[in-house]
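Undergrad: Note that the protein sequences, when read in sequence, are chains A and B. Per my numbering, residue 1 is the first one in the first sequence, and the count goes up by one each step. Per my numbering, residue 1 is the first one in the second sequence, and the count goes up by one each step.
Calculated from the structure, these hints are not laboratory results. This one's a predicted model, so the numbers in the text were calculated from it and none came from an experiment. Do not rely on the hints blindly, as some may be mistaken.
Unchecked claim - To be clear about the criterion: a stretch of chain A counts as covered by chain B if any three or more of its residues have a C-beta under 8 Å from a C-beta of chain B, and this derived list gives those stretches:
#1 10–23
#2 52–64
As the list claims (entries may be wrong) - Every beta carbon over 12 Å from chain A, so not counted as near; a handful from chain B, in silico:
#3 Asp147
#4 Ser191
#5 Arg208
#6 His252
We put the beta carbon where it would ideally sit given N, CA and C, even for glycine.
Chain residues, written in single-letter form:
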Amino acid sequence: MTMINSRGSAAVIDVDRIRCAGRSLCAVVLPERIALDEWGYPIIDATPVDPDAAAEAVRSCPVRALRLRPR
Amino acid sequence: MTVITNAAKTVPPIATGLLTMLATAGLTGRGGGSFPTATKIESAMGRSPRLIINATESEPDSAKDAWIIRTDPEPMLAGAAAVASTVAASGVWVAVHRGSAVHRGWHADPRLSSSGHRLLIMPTRYVAGEASSLVSRMDGGLARPLDKPVPLTRGAGGHHPSALVLNAETLYWIGQIGLHGVDWFSAWGTSQQPGPRLVTVAAGGRRRVLTSAAGTPIGEIIRQAGFSLPESGAVQLGGYGGGWMKAAQARHLPWSDDALSPHGLGIGSGIIRVTDAHECPLSLVARQLSFLAAESAGQCGPCMFGLPAVADDWRQLITGSAPARQRLRRRLGLLPGRGACHHPDGAARNARTALAAFGDEVDRHLAGCCGYDDPERVSA
Numbered sequence: 001m002t003m004i005n006s007r008g009s010a011a012v013i014d015v016d017r018i019r020c021a022g023r024s025l026c027a028v029v030l031p032e033r034i035a036l037d038e039w040g041y042p043i044i045d046a047t048p049v050d051p052d053a054a055a056e057a058v059r060s061c062p063v064r065a066l067r068l069r070p071r
Numbered sequence: 001m002t003v004i005t006n007a008a009k010t011v012p013p014i015a016t017g018l019l020t021m022l023a024t025a026g027l028t029g030r031g032g033g034s035f036p037t038a039t040k041i042e043s044a045m046g047r048s049p050r051l052i053i054n055a056t057e058s059e060p061d062s063a064k065d066a067w068i069i070r071t072d073p074e075p076m077l078a079g080a081a082a083v084a085s086t087v088a089a090s091g092v093w094v095a096v097h098r099g100s101a102v103h104r105g106w107h108a109d110p111r112l113s114s115s116g117h118r119l120l121i122m123p124t125r126y127v128a129g130e131a132s133s134l135v136s137r138m139d140g141g142l143a144r145p146l147d148k149p150v151p152l153t154r155g156a157g158g159h160h161p162s163a164l165v166l167n168a169e170t171l172y173w174i175g176q177i178g179l180h181g182v183d184w185f186s187a188w189g190t191s192q193q194p195g196p197r198l199v200t201v202a203a204g205g206r207r208r209v210l211t212s213a214a215g216t217p218i219g220e221i222i223r224q225a226g227f228s229l230p231e232s233g234a235v236q237l238g239g240y241g242g243g244w245m246k247a248a249q250a251r252h253l254p255w256s257d258d259a260l261s262p263h264g265l266g267i268g269s270g271i272i273r274v275t276d277a278h279e280c281p282l283s284l285v286a287r288q289l290s291f292l293a294a295e296s297a298g299q300c301g302p303c304m305f306g307l308p309a310v311a312d313d314w315r316q317l318i319t320g321s322a323p324a325r326q327r328l329r330r331r332l333g334l335l336p337g338r339g340a341c342h343h344p345d346g347a348a349r350n351a352r353t354a355l356a357a358f359g360d361e362v363d364r365h366l367a368g369c370c371g372y373d374d375p376e377r378v379s380a
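Isolated chain A, as found in the complex (with noise of 0.2 Å):
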């Protein structure tokens, strides 16, 4: 479900796939959007989410994989 902030319009997750080196901290930020398939690669949801905690999950990744399209 989205969940809108004051600021406005929700976020959806993308992933750099190359960059992406399966730390899997993302999934335990937000994991309503966020499931680890079984080598800890993460699997997206893309419905978008309240961008706070996009933000949060963005911020999480060690290696900066993670970045927030607009909706």
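Once you've looked at the hints, dock chain B against the given chain A.
TA: The following block gives chain B in isolation, referenced to the frame of chain A:
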């Protein structure tokens, strides 16, 4: 040459001419992606792109691009000249695999060497023919796909100057449309997929290239190529990254994305492979999945780990392991769209359509039999 200094929306007459011509003709990419060519060229306007003719033709069964370059290159070169002029390209390169027939023959053929185009020599690896691999290599990186949050014409994900990559055959038809006109082009094919197409038909270790069009029955294309389609045989459409269908189902089916997509298949890069009547198709799929796994660029986890796992599951399945089928189905669902390029998507399509087409053969293998007199017969 007119240089467009910003993303201006006004377009000089020659550019308007080519873009309108190609949009009206309905030409789409012939390298497997089927993207509308006019749209792709337009996205490069105003960016002085590098124009790269993709003549790598990495699919092992494909021969159409080599045919163009070695037999009838002039329309391709004319098409490249028209595109280069339209987009004010900073230069034109021809991407080839090192040591290929196209590479070795280039400088010896005055029709080709007189073009002045530089060769972009790629390693002989499957994914080294992917469009962003060409750009990566050209810009000093490895011959591996790039992350592409924006198209190559807009710089991909890094600091890459704009690149317009077009398949050799796409440029060939641009040249032919220039010679014969839009009406000639769209008289071929279907309304959804207009125009003539080169097809590589591969059978019995041989490959033949012919001109055909979308909508032609698959069995008819094979017959025109001079091969037979045995009733007990099967076809693979679109190369190792394409998919499988039994002969009985394929014979009268139109060769078009409309007719094929309900079966999870498509025209792709114009390859039709006919299986050998004596060869177990499951062992052929096993070899192809192993090949695809070995050819992963090793950059993206789902591909790097997923493709070898799927290849292993397949081998276990055909040596009698029923649990392997469940693992395989689950893993196949997690390949499409989870790499930086479409290599894992192709491997998944290969295995998924093989499971659908060869259900009887899979059941026999699970019961410990095969039924084909294939010397590489799998056993537990």
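Undergrad: Under the constraints set out in the numbered hints, which ones does this structure not fulfil?
TA: 2 and 3
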